[in-house]
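All chains should be built: construct the whole structure from the sequences, respecting the hints.
Residues in the sequence shown are numbered consecutively from 19, following this note's numbering.
Because the hints were derived from the structure by calculation, they are not lab data.
Check each hint, because a few of them may be wrong.
Stated by the list, open to error - Here are the in silico distance ranges between beta carbons for each label pair:
(1) A165 / H142: 35 to 43 Å
(2) A56 / Q81: 13 to 21 Å
(3) P62 / S153: 19 to 27 Å
(4) T140 / G163: 31 to 39 Å
Just so we're clear, the structure is a prediction, and the values are computed from it rather than from any experiment.
Backbone N, C-alpha and C define an ideal beta-carbon position, used for all residues, glycine too.
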Amino acid sequence: MSSTHSPGAESTAPLHERLLDLWAAPIPDLHEAQASFAMLYSDPVTINGGEVPLSALVARATQTHSSLERLGVEVLDVVETPGKLVLAFELTARHVGAWHSALGDVPTTGRTVSVRTIDVLTVHAGRVTAIWVVSEEAALLAQLGAAL
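Set out below in structure tokens:
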């Protein structure tokens, strides 16, 4: 999916497209990134049951960009109901920097990897307030050659 508008900017694009664009955009300025994320996420946002300040969410995006050069995102499915958005997608990226995981850091491999993710989002007043994330991190680590 290619970005057709400014990340986080007011847009008529569906919320899932604005979220994917936001996470695809490089983060050269943390202040601007924080403002862009604040347009789409509450502060804090609840992720898998724990509260995460917006600054930590931006730090996650920054770390992801330093580790994975996004080559593409395929949206597999989108389900939207009042107050809920479910997004299933597959990210393809090149591993360009150390990947920090719960099992330890994986040094840069240069490999192209794909990972599927399902986000179940709670949305209030146009902003994401909670997320349940299910991601194939073990598959990603295996593609990177990490010892599991």
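For each hint, the structure was consulted:
1. With their beta carbons about 42 Å apart, A165 and H142 fall inside the hinted range of 35 to 43 Å.
2. Distance hint for A56 and Q81: a CB-CB separation of about 19 Å, consistent with the stated range 13 to 21 Å.
3. For P62 and S153, the hinted distance range of 19 to 27 Å is satisfied, since their beta carbons lie about 20 Å from each other.
4. As the Cβ distance of T140 to G163 is approximately 36 Å, the hint placing it in 31 to 39 Å holds.
Every hint from the earlier list agrees with this structure, and none is contradicted.
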